[in-house]
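*Asks:* Given next are the chains, with one letter for each unit.
2 protein chains.
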Amino acid sequence: MSEGKIRRPRAETPKGFRDYFGAEVTERKAMLDAIAAVYHRYGFDPLETSAVETVEALGKFLPDVDRPNEGVFAWQDEDKDWLALRYDLTAPLARVAAQYRNDLPSPYRRYAMGPVWRNEKPGPGRFRQFYQCDADTVGSGSVAADAEICAMLSDIFESLGLAGVYVIKVNNRKVLNGVMEVAGLSGDDKEAERGIVLRAIDKIDRLGEEGVRALLGAGRKDESGDFTKGAGLSDEQAEVVIGFTTAKRETGAATIARLRELVGNSAIGAEGVTELESIAALLQAQGYGSDRIQLDPGVVRGLGYYTGPVFEAELTFQITDEKGRPRNFGSVAGGGRYDGLVKRFTGQDVPATGISIGVDRLLAALRAKGRAGGATEGPVVVTVMDRDRMADYMAMVGALRQAGIRAEVYLGNPKNFGNQLKYADKRGSPVAVIQGGNEKAAGTVILKDLVLGAKIAESATLEEWKDRPAQVEVPEADLVAAVQRMLAK
Amino acid sequence: MSEGKIRRPRAETPKGFRDYFGAEVTERKAMLDAIAAVYHRYGFDPLETSAVETVEALGKFLPDVDRPNEGVFAWQDEDKDWLALRYDLTAPLARVAAQYRNDLPSPYRRYAMGPVWRNEKPGPGRFRQFYQCDADTVGSGSVAADAEICAMLSDIFESLGLAGVYVIKVNNRKVLNGVMEVAGLSGDDKEAERGIVLRAIDKIDRLGEEGVRALLGAGRKDESGDFTKGAGLSDEQAEVVIGFTTAKRETGAATIARLRELVGNSAIGAEGVTELESIAALLQAQGYGSDRIQLDPGVVRGLGYYTGPVFEAELTFQITDEKGRPRNFGSVAGGGRYDGLVKRFTGQDVPATGISIGVDRLLAALRAKGRAGGATEGPVVVTVMDRDRMADYMAMVGALRQAGIRAEVYLGNPKNFGNQLKYADKRGSPVAVIQGGNEKAAGTVILKDLVLGAKIAESATLEEWKDRPAQVEVPEADLVAAVQRMLAK
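So the sequences go chain by chain: H and B.
The first sequence runs contiguously to residue 516 in this note's numbering.
The second sequence runs contiguously to residue 516 in this note's numbering.
The set of hints was computed from the structure by calculation and includes no laboratory data.
Check the hints yourself; a few may be wrong.
One copy or two, either will do: identical chains are not told apart, so a pair holds if it fits within one copy or between any two.
Said to hold, decoys possible - Cut-off 25 Å, straight-line C-alpha distance, at most; resulting in silico cross-link-like pairs (DMTMM-like, lysine to aspartate or glutamate):
{"hint": "1", "residue 1": "Lys453", "residue 2": "Asp366"}
{"hint": "2", "residue 1": "Lys42", "residue 2": "Asp115"}
{"hint": "3", "residue 1": "Lys56", "residue 2": "Asp46"}
{"hint": "4", "residue 1": "Lys516", "residue 2": "Glu250"}
{"hint": "5", "residue 1": "Lys442", "residue 2": "Glu298"}
{"hint": "6", "residue 1": "Lys107", "residue 2": "Asp46"}
{"hint": "7", "residue 1": "Lys42", "residue 2": "Asp104"}
{"hint": "8", "residue 1": "Lys56", "residue 2": "Asp387"}
{"hint": "9", "residue 1": "Lys516", "residue 2": "Asp505"}
{"hint": "10", "residue 1": "Lys196", "residue 2": "Glu185"}
{"hint": "11", "residue 1": "Lys442", "residue 2": "Glu208"}
{"hint": "12", "residue 1": "Lys148", "residue 2": "Asp106"}
{"hint": "13", "residue 1": "Lys107", "residue 2": "Glu147"}
{"hint": "14", "residue 1": "Lys56", "residue 2": "Asp115"}
{"hint": "15", "residue 1": "Lys449", "residue 2": "Asp60"}
{"hint": "16", "residue 1": "Lys107", "residue 2": "Glu39"}
{"hint": "17", "residue 1": "Lys449", "residue 2": "Glu485"}
{"hint": "18", "residue 1": "Lys370", "residue 2": "Asp46"}
{"hint": "19", "residue 1": "Lys467", "residue 2": "Glu341"}
{"hint": "20", "residue 1": "Lys56", "residue 2": "Asp318"}
{"hint": "21", "residue 1": "Lys56", "residue 2": "Glu404"}
{"hint": "22", "residue 1": "Lys230", "residue 2": "Asp249"}
Please construct the entire structure, taking both the sequences and the accompanying hints into account.
*Replies:* What follows is the structure in structure tokens.
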């Protein structure tokens with residue numbers, strides 16, 4: 028590996044990327060394993076596509092522009108084709124569903140977990156590489172497939188120990204389309220207005236009814252004085268839209284009844300309401316109550332491609348934000364039905380529905396609730412008192428490992444014994460094993476209980492620890508058993 | 028997601044990349060989990076770096092060239108810095124060890140597993156994205172760290188069920204350097220010759236002693252008539268090099284003795300021999316016999332950056348190659364000591380040693396030996412006889428899942444019942460559940476044993492199956508218990 032330049036390279040993670048160490052890796056793995064177990068039980072099969080896709084397959088060319096859309100990391104290969112890192116797991120699924128359509132079972136039910144990449148401005152907590160964890164059913168137009176996604180999400184939260192602190196909200200784009208129709212916003216020439224309306228509805232939690240009303244009408248000036256142009260709806264039109272976003276009632280049945288009023292004669296709207304009703308009935312039959320899954324017309328989901336039911340999972344417990352104010356933890360997963368994605372490739376309608384879990388946010392939630400498994404204790408450290416007897420120390424460590432105990436011999440420069448104990452401390456080691464010349468001659472080893480030692484160091488009085496020594500000397504033959512006893516305490 | 032163009036995108040994996048389905052994913056995961064368990068037991072902590080690195084950190088600039096070296100996928104970010112996908116897990120480790128040197132424990136012991144990317148010509152079985160699985164100790168110059176890597180590799184093979192069909196070979200670059208010195212090839216002006224010698228030695232398995240001799244001398248013409256220029260060594264020089272590659276003896280001690288003769292007065296050579304001797308002694312003390320780990324001066328390892336002990340793990344069982352000839356399965360892991368990598372960043376010497384396992388090759392080996400775990404049975408499929416009773420079917424599937432049984436309701440168009448059974452077949456489903464109007468009225472369900480059904484279909488005579496019906500009708504309340512009985516058979 029030639030350096031090429033005299034100047035030394037900077038040792039830096041690229042801007043917007045980060046490294047994950049130790050428990051950060053194992054905790055995420057434990058969570059993904061638990062989620063995969065639920066996906067598996069529901070009959071979904073794993074799929075792992077490559078990180079790299081053709082930009083063409085990702086659909087990231089803007090009209091009339093011959094460079095990839097911003098938002099992806101892209102480059103040209105030797106044949107001048109543009110390649111890019113995937114920015115989600117849905118676009119690769121659409122490509123796979125089209126590419127292997129003659130070989131895959133239909134419906135094709137797959138889960139996928141792995142990193143995705145976004146070429147966006149990084150910010151605090153916003154990285155350019157992050158994990159997603161998706162499950163989708165491709166090739167089923169049945170609302171049973173949508174209901175199942177919601178049930179599965181619920182099971183996932185329960186299995187992660189989040190029972191009682193989550194809610195899965197279900198809405199339907201068709202109902203929204205019906206409302207647009209009733210409000211006179213369904214024409215092809217009204218696309219800009221519909222976009223503004225969608226974005227306005229999506230902000231109801233943050234802006235409240237009044238803020239949304241302003242955005243539906245002439246526009247809204249925010250606290251900083253910035254003005255956002257509104258959709259220019261009349262008061263009557265705005266009333267219909269607001270009516271939709273506030274249609275949620277105490278029970279699913281009451282919400283359904285209210286939505287039916289709102290969509291009036293719109294055929295698409297009525298279809299959407301019927302679908303929501305079916306989903307609610309299917310979930311009811313399986314015992315998923317409205318404490319876990321509920322109809323909520325306030326849920327819009329940003330992405331343009333949803334065509335039917337949409338889902339959003341929120342965690343309802345409170346955390347303190349960066350300014351010390353309590354707020355709900357909020358959304359950790361979202362999804363819905365998107366019947367147009369595979370059609371891009373094949374020209375044929377292929378209905379599909381699915382969910383994407385925001386892995387980093389969900390993991391942060393588990394940590395906040397003390398539910399993140401996978402953190403592990405450091406290794407037992409066998410210290411080196413006499414570097415010529417490395418073979419003895421390695422034999423000890425070998426015996427410990429044989430017994431399934433995580434252990435290692437100190438491999439740094441053994442000269443300074445204090446450094447060895449500092450190392451054990453930094454590794455979170457529970458036990459240090461020591462054998463100097465005296466112990467060797469006596470056929471013994473010394474075991475230092477570092478967990479207890481740390482407690483004693485913290486404690487004001489030694490009184491409570493006096494009958495439990497932080498250090499014992501045992502025959503070398505008892506090494507494994509004695510360490511096991513110390514670890515079991 | 029706008030299409031932008033009328034022409035439909037091609038649904039294709041980019042050239043040289045591939046998708047992994049179902050068992051391909053779970054088998055690899057099971058293997059990596061087993062390897063991670065051993066790494067963990069040895070005290071290594073996980074590290075997951077981002078897939079993207081600065082090209083500068085990767086060291087992939089050629090001297091006097093301002094574009095990244097071929098071999099990596101690279102692009103310029105908005106600040107015109109070059110970024111690239113990592114091509115291995117060692118370069119990112121060197122960057123991490125330098126970047127976090129004040130925070131990490133020293134020695135820093137980490138394992139890493141994940142995809143790496145090579146911008147190379149793809150070929151059969153040669154992909155541009157593949158998995159590696161590494162463990163390294165950074166900050167230890169002790170040969171105990173090298174010995175440990177070998178012991179750990181051995182434990183990994185044993186834990187994967189490959190006892191008796193692998194061997195780990197150990198050599199030392201310093202011995203080779205000593206041999207170069209004895210052969211008069213140690214000067215700075217001899218770098219080209221040393222390169223040719225290294226590559227020649229690396230080919231001894233394939234070309235035999237005579238072929239290597241030709242490459243050490245004037246050169247070699249291969250079967251196709253192509254000529255490879257040799258190192259131009261004299262017969263005496265070639266003799267020394269050949270002596271080294273053929274220095275392996277029956278026992279480690281005899282090999283050591285022979286190597287000591289060969290390196291003569293070379294100080295670096297003598298140091299290398301002593302290191303090999305220490306490694307052998309440490310492994311001996313832990314009970315790793317020469318049937319598992321052996322000294323083998325034939326091992327060179329391609330990469331230029333190794334500075335001390337080098338390791339190579341080979342699987343010794345035979346497979347048939349594409350032409351039907353038996354051959355040894357061969358190398359599945361390699362590594363060694365590389366004391367210069369971190370120095371690139373910091374200017375300070377940081378000794379390091381480690382191993383990289385070729386995940387795809389090792390997985391292929393496990394499959395060849397029938398040792399790949401993680402393959403899973405398809406889901407129980409609840410068929411849909413009456414689409415208006417979807418809630419009933421979903422309740423059944425819910426009950427099965429509650430009992431931990433992998434199950435799903437058929438979500439495609441239920442019109443054609445044959446398609447439902449074909450689907451169950453394609454999914455490798457063990458049991459199909461059927462409830463039509465008659466069964467509903469009778470309060471029963473029909474269970475079709477698809478595993479047994481397939482056996483009966485294959486069998487010439489029904490005689491042997493006659494007392495074991497492939498289909499039973501049970502009360503609906505017994506659904507879960509009856510499916511469990513069928514799965515347990």
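*Asks:* Against this structure, judge whether each hint is valid.
*Replies:* Hint check:
1. Lys453 with Asp366: between (53 Å within a copy, 24 Å between copies)
2. Lys42 with Asp115: Result: close both inside a copy and across copies, 20 Å intra and 20 Å inter.
3. Lys56 with Asp46: Cα proximity of Lys56 and Asp46: in one copy and across copies (15 Å, 21 Å).
4. Lys516 with Glu250: Neither: 57 Å inside a copy, 69 Å across copies.
5. Lys442 with Glu298: between (78 Å within a copy, 21 Å between copies)
6. Lys107 with Asp46: Only across copies: Lys107 and Asp46 sit 23 Å apart there, 32 Å inside one copy, limit 25 Å.
7. Lys42 with Asp104: both (24 Å within a copy, 10 Å between copies)
8. Lys56 with Asp387: This pair counts as both: shortest intra-copy Cα distance 11 Å, inter-copy 21 Å.
9. Lys516 with Asp505: Within one copy, since 17 Å is at most 25 Å while 45 Å is not.
10. Lys196 with Glu185: For Lys196 and Glu185, only the intra-copy Cα distance (16 Å) is at most 25 Å; the inter-copy one is 49 Å.
11. Lys442 with Glu208: neither (80 Å within a copy, 33 Å between copies)
12. Lys148 with Asp106: This pair counts as between: shortest inter-copy Cα distance 12 Å, intra-copy 30 Å.
13. Lys107 with Glu147: both (24 Å within a copy, 15 Å between copies)
14. Lys56 with Asp115: Classified as both; 19 Å inside a copy, 21 Å across copies.
15. Lys449 with Asp60: Close neither inside one copy (34 Å) nor across copies (30 Å); limit 25 Å.
16. Lys107 with Glu39: between (30 Å within a copy, 16 Å between copies)
17. Lys449 with Glu485: The answer is within: 16 Å in one copy meets 25 Å, while 66 Å across copies does not.
18. Lys370 with Asp46: For Lys370 and Asp46, the Cα distance is within 25 Å only across copies (20 Å; inside one copy 38 Å).
19. Lys467 with Glu341: Intra 60 Å, inter 38 Å, cutoff 25 Å: neither.
20. Lys56 with Asp318: neither (29 Å within a copy, 36 Å between copies)
21. Lys56 with Glu404: Both: 16 Å inside a copy, 23 Å across copies.
22. Lys230 with Asp249: Result: close within a single copy only, 13 Å intra versus 72 Å inter.
Going down the numbered hints, you'll see the structure goes against 4, 11, 15, 19 and 20, while the others check out.
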